[in-house]
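A.B. asks: From first to last, the protein sequence lines are chains A and B.
First residue of the first sequence: 1, per this note's numbering; consecutive thereafter.
First residue of the second sequence: 242, per this note's numbering; consecutive thereafter.
No lab work stands behind these hints, which were simulated from the structure alone.
Hints should not be assumed to be uniformly reliable.
If you want a taste of the chain A side facing chain B, the calculated C-beta under 8 Å gives, among others [stated by the list, open to error]:
{"#": "1", "residue": "Q47"}
{"#": "2", "residue": "N73"}
{"#": "3", "residue": "Y168"}
{"#": "4", "residue": "V231"}
Note that beta-carbon positions come from the ideal geometry of N, C-alpha and C, so glycine has one too.
Protein chains: 2
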Amino acid sequence: MKEKNPELAILDVGCGSGSISTTLAQLVPRGHVVAIDLDPTVLLRAQEVADELNVRNVVFNQGDALKLPFADNSFDISHCHQMLLYLQAPWDALREMLRVTKPGGLVAAREGDMDTECVWPETPELLMFHNLAANLIAAGGGDVRGGRQLLSWALKSGADRSRIVTSYSTWSYSTAEEKRFWAQGMADLIRQGRFRDAALTARLTTEDELERMAIAWQAWKTQEDATLAMVSSEVIIQKSL
Amino acid sequence: MKEKNPELAILDVGCGSGSISTTLAQLVPRGHVVAIDLDPTVLLRAQEVADELNVRNVVFNQGDALKLPFADNSFDISHCHQMLLYLQAPWDALREMLRVTKPGGLVAAREGDMDTECVWPETPELLMFHNLAANLIAAGGGDVRGGRQLLSWALKSGADRSRIVTSYSTWSYSTAEEKRFWAQGMADLIRQGRFRDAALTARLTTEDELERMAIAWQAWKTQEDATLAMVSSEVIIQKSL
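Sequences are here, hints too, so could you generate the full structure?
C.D. replies: Right, here's the structure in full:
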């Protein structure tokens with residue numbers, strides 16, 4: 001992409017901490033990325049990351065995936081990752097992304113499918129964590145089995161099947177280094193920040209349970225036979241000319 | 242492999258209909274493949290396929306994965322695919338494969354994880370099929386969640402963690418052509434052959450239910466939003482010198 005299309009205008013919807021947005025910006029040095037998230041608090045951190053990497057062609061703005069604050073035909077590519085599964089009507093977000101994408105441009109979406117998560121060894125605490133994460137998404141009206149439904153969502157957005165390319169992939173953690181990285185991320189998620197607050201506020205768990213889950217991830221990473229994998233699926237929709 | 246090591250001696254354990262064995266043989270034109278399966282009836286068909294493709298450097302023999310009929314240090318590579326999950330003690334088969342592999346050679350195993358199977362749209366008949374296939378494996382003492390346990394099985398076989406490389410992958414069916422292929426395979430499986438016989442003998446289903454499942458797969462393939470995906474995992478173990 002860097003060599004072929006350095007001038008692309010890219011929209012990243014539901015950018016969260018902005019790591020993908022910033023990477024995309026680095027790939028289009030003469031183009032730019034507009035990244036939005038419904039939650040303004042994550043955008044500050046996202047801007048910090050871009051600043052640390054001296055990436056100047058990305059902007060972070062508050063915005064709603066269901067009501068994108070952009071004119072029709074504004075972007076070459078509209079992208080989202082692990083965002084649609086939080087929505088009650090994910091096809092409406094895809095329809096919005098199609099609207100703001102230029103004719104001939106691409107809408108690219110990737111969603112995990114949490115029901116395919118394989119964690120080994122399975123302990124009661126790790127299963128409890130899996131269920132908590134799933135219940136939290138369901139409580140917000142989302143669907144943890146987004147991966148397998150992504151094509152159906154793309155069709156519901158109005159896209160023609162002949163303009164949709166699908167694929168599946170896995171992410172996984174098996175080496176000592178990968179497991180340290182993952183376990184630290186999980187412990188942080190459980191001990192601080194939005195996930196913890198949301199889970200406690202929704203009364204889906206207790207502080208004691210959360211601490212047991214964090215400890216379980218720290219123990220998991222040290223086990224030789226520990227692995228983790230999950231299916232993600234992707235669609236790329238080309239907007240009609 | 243074809244260019245670098247055309248003379249390899251490869252063992253394929255649990256070869257079934259032999260499609261992988263024959264492909265491996267084509268990759269080692271000056272080497273050879275020995276393919277074994279516990280069930281002698283599948284070997285006739287496997288030999289036919291090799292004959293049709295004029296592949297002469299593969300032999301098919303009846304043999305037990307838990308008691309491989311070969312001397313120590315006989316093969317450069319010992320391979321199995323979707324075989325270990327049928328065994329009560331899959332690590333014993335891996336230990337046998339390590340025994341017959343030459344020092345410095347490789348044991349390569351790939352196992353699906355049926356609990357990660359994503360079929361969409363989900364219909365009662367397709368879920369019934371999924372559960373039937375899983376129950377049949379469980380009834381035989383196997384474990385449908387082989388994928389996530391493959392690393393732990395490799396460790397239980399006695400392999401050192403530092404000699405094991407792990408990976409995950411997906412197979413999936415989403416295009417019209419892929420879905421026709423898959424649905425035909427499922428209908429064949431359900432309407433004839435070993436799967437049908439075993440399921441009926443074990444009284445896990447009825448002829449009427451089986452027919453409904455076959456029809457459901459045929460309907461599935463015609464739906465625009467239909468997809469299927471599953472996680473597989475792989476280990477490659479290098480035997481010590």
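A.B. asks: All hints are to be evaluated individually against the structure, with a verdict given for each.
C.D. replies: Here is what the structure says about each hint:
Interface restraint check for A:Q47: the shortest CB-CB distance to chain B comes to about 34 Å, outside 8 Å, so the restraint is violated. Interface restraint check: A:N73 against chain B, minimum CB-CB distance 26 Å, threshold 8 Å, status violated. Below 8 Å, beta-carbon pairs count as interface contacts, and A:Y168 has one with chain B at about 4 Å; its hint therefore holds. Restraint check, A:V231 versus chain B: the minimum CB separation of about 6 Å is within 8 Å; hint holds.
Of the hints listed earlier, those the structure fails to meet are numbers 1, 2, in rising order.
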